[in-house]
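Enquirer: Okay, here's what each chain looks like letter by letter:
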Amino acid sequence: MTTSTAVAGPVTAGHRRLIRSELLKIRTTNAWWWFALGALAWTLAALAFNMWFAHIALTDPEMLGGQGGPGMSSAAFHGSNVYTSGQFLGLMFVMLIGILMVTNEFHHQTATATFLATPRRTVVIASKLVTAVLVGMAFAVAIMAIALPAGALFFSAEGVGTLLDEWPVQRSILLNLLAFGVWSVFGVAIGTLITNQLFATLLAAGLYLIGTQLASLFFLLLSIWLDNEAVLEWQVIVPSIASQVMTSGGADIPGSPQWWVGALILLGYAVVAGTVGVLITRRRDIS
Amino acid sequence: MPDGEIVVSGLTKYYRHVRAVDGLSFTVTPGKVTGFLGPNGSGKTTTLRMILNLVTPTAGTATIGGRRYVDLPQPLRYVGAVLEASSAHRGRTGRNHLRILCAAAGLPPRRADEVLELVGLTAAGRRKFKSYSLGMRQRLGIAQAMLGDPRVLILDEPANGLDPEGIRWMRGLLKALADEGRTVFVSSHLLSEMQLLADDVVIIANGRLVKRGPVAEVTASIAHAGKVRVRTPDADKLAAALSPDASVERGDDGVLYVAGVDAPAVGAAALRAGVELHELVTERPDLESVFLELTSGQAGIR
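The listed protein sequences derive, respectively, from chains A and B. With my numbering, letter number 128 in the first sequence gets 128, and the count goes up by one each step, no holes. With my numbering, letter number 40 in the second sequence gets 40, and the count goes up by one each step, no holes.
FYI, nobody ran anything at the bench for these hints, they're computed from the structure. C-beta: ideal position from N, C-alpha, C; glycine also. Take the hints with a grain of salt, since some may be wrong.
Taking beta-carbon pairs under 8 Å as the criterion, some of the chain A residues facing chain B (in silico) [unchecked claim]:
1. 24
2. 108
3. 110
4. 112
5. 113
6. 116
7. 120
8. 170
9. 171
10. 285
11. 286
For reference, chain B alone in the conformation it holds in the complex (with noise of 0.2 Å):
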């Protein structure tokens, strides 16, 4: 098993009635940002949580190079992790806050200055938390999760609060990191983000999983990727009117799915046919829509 790996297996958490998260398996490489999706209420906080040792697991198990977080020698130096309802004490300096972890984690006080650096908050860090804004408040649980220099990162919704600039800052950290051989596994239900930020994703919807793999494999896996979407008021006559290479799904309200040809193909036929076209685009499907597709009515009432 590759050092850093992130392996969960069959992992699953009955909160009474309800089943936060329902078998689920997935496997997380180093090198990589990993995004990990879903509607709200999907699982994906409980799952990174148990993840943690911070919930424990009704069923299976989750392992970070090869252990359980709780078996890990030194955790602060091999995993990093920013999580939501994780705080500082209001009335504690931010660096106070660092300072009691490095404590805790037996590292040197230093690295509470060398994090703050880091991320840009050396000068707010001897002001009391209650002052922080939300991004420096996110920008101080990632100088948390920075600490012991770990091989894996794992990240709750991390963008949240942060200005369009920090989000930016974030993208390059988070992309500097995997490029350093790290592990970034980073939840999000942030979209358009995620394809901007992450290699592979893994989809869940109610605790299970939909969908893993590579972005652009898992866009592609989308139905009617690759197809030429064309509308027109005659869809018969257009049908008729294409080379026989072509192959036509019918949708609603006079769309055709045209799969074997491409779109300048499919106007040049149009054009010869006289047919009028009210819209002709080729499907790249982004995550967005893969995601809706894929977790269309599994976001309902739990």
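One chain only, chain A, in its complex shape (with noise of 0.2 Å):
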């Protein structure tokens, strides 16, 4: 049977009853579908800039003014880009999905019900994050299936082949497939720190949109005032940032870390994002 320590132990005929449960939440209501609307109509705006931006720097780098270094005439560089188009606002949407999945529970009262047929909490909100991973992954396979066809025929049309072979471009597309999986984690966590719904899903988009910019304006005065340019790199503990470090390999932006600095980073993010989740709704009074 499941038990409070479930989270760490292997997939019971229970967790699974309960993941199924989660997904028929999701599919019985309308807002994923207009998320996937959403993150698809992104994704082919994305794709269409990311391809404009890797023809020209491929056929006339002249015209970038030699900004952003040796990396931006890199056809692997653009490989990443033009694969992983879609991602920016993709991970907002498996965000937003992941803080709904809780913040519906509170909002339209449905937590009791679901407390009550599965009274150990811990089990409910590790299937949350599960099916929430799941989701995630399934709307990153859904955009790839748009992205890697269209940039395999975009890559060879330029003449470089589809770039597809090369470790860096298969590394990002794999840790594409990771970073919506992670943000999905996000989400869920989000939505137990925060139940009121329309706090969390503003809080959380506007952090995502604006807080970004934020933080780097932030790290780049830091190091202006400290006049020390390694400070720059301290600027991957703010977890968009890290997602963005961990799939370009970190290419566009300037004085960043390996990859594996962001993975680690945004994967520490989610484990404690989990973590505070559980515990926050296991002591939690629903009423």
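With the hints as a guide, dock the two chains, each given alone in a separate frame, to form the complex.
Expert: Structure follows, in structure tokens:
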């Protein structure tokens, strides 16, 4: 039977039932459909922009004015960029789905029914985390089902081959999948921290869209003030920047650390966020 | 311990400085409808939520059939609950709401259709929850409680929002379920409804137990129960005219409470003595007057 330590334990029949129940919750409402449409539209736009950018950089690098250093003219950089198109808003949408998976229970007062059916709350939140990862990765797969064929055709036409045989490009594609899973986990954790649906979604989306720029600005000013360029590397502690560093190998961030630093930091946040989410939910009174 | 018995023992809940429930102990037995009565804010809902592991007690325990709710291997197959502040997603159909719970509890999806039929919501089951009236929402709540065909039913103010026809339907359903040997524990502030429905009552005020037992026993325990109340402008003359078997207690405004003789004997004595009577009645307190007497002054500011 299920126990309170089941997070780390094997997946039991009870867990599978709960994951099925959580998937049914998502399927029987409309929100996921809107997020999927949003992610699709954004992916198409990002794909067009990234292809245009790659086309200029590969055929006429002078137009970029020599900015961005040697990375900008490497085909592998553009391979990663085009094949992970749609990531920026895609990550935000799967985070929002994760948030809704928890805040819906409080907004619509279904938490009572959920915890009556499964009084062991650790198992409930663990199932939500697993389900969110599945949904997040399904989004990534759907997005890449568009980006991969389109990108492969584009790069072949550019005369550089598909680039899919290069490890940095393959790595970016795999880490893109991981990024979608991790941001779904963030969403569930944020939902357990802030159960007010409107506040949680607005805050998370706002921080994701604007907070990243503000954090970059803060670290830039800090590096100028301290007269130390190495300070710029520290901005990898911001989750969204860690995510960019991980999937792009840090090529588009000056003074960026290695991709695995970003990956480790992001996984660290996911583990902490998931644990905090479980602990908070175990203690909460449902009334 | 009988199967399906609810045992509450020393249950206590503090919210910061407020004692919502304070050392509450009682037992609810199977095969009967037990009413859970108390003024608003007396701790009924908090108590029910503690029994169901939704609210963590500060102290004390609550078990159902000898186990805490959280330790029940298949909770929905053993306990069904209808609670306030329990609802469904506005954009989801009632049937899908139930199917989600079936999936979580490992019940076959057809149970969703069976319980919708039981509460008369088969047609509405495929409509979205936001279109439901208050009465339909209560019926869906009862359908949800019946999903696992449970041995024990716990209902918090189930009559809220039901029309008189719905209330009659609910009364019949709950009595039938109790007659099948199930435990039925119902909170309510509708005292007249409880008098018709409940076999036993548990009365609380200010988070503390005030009275519990069979309805008849509880109503009989009130002061003046079974006495003859008589009001007359000439109380002294009437008291003197009564037989020596009668014991007389004086109330306000010329009222006498007479024990030991019945109302016709009091009336006959008054006629013989030529005393004018304004009232003559045998006190048969209903649950409402018991409730008001027991909880008076205890529902103050909290």
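Enquirer: Please go over all the hints and tell whether each is borne out by the structure.
Expert: Results of checking the hints against the structure:
1. 24: OK, holds: residue 24(A) within 8 Å of chain B, min 5 Å.
2. 108: With a minimum Cβ separation of about 4 Å from chain B (threshold 8 Å), the hint on residue 108(A) holds.
3. 110: Given a least distance of 6 Å, the restraint on residue 110(A) holds.
4. 112: holds, 4 Å
5. 113: OK, holds: residue 113(A) within 8 Å of chain B, min 6 Å.
6. 116: holds, 6 Å
7. 120: holds, 7 Å
8. 170: With Cβ-Cβ at 37 Å, over 8 Å, it is violated.
9. 171: violated, 37 Å
10. 285: holds, 4 Å
11. 286: Check passed: Cβ of residue 286(A) comes within 4 Å of chain B, closer than 8 Å.
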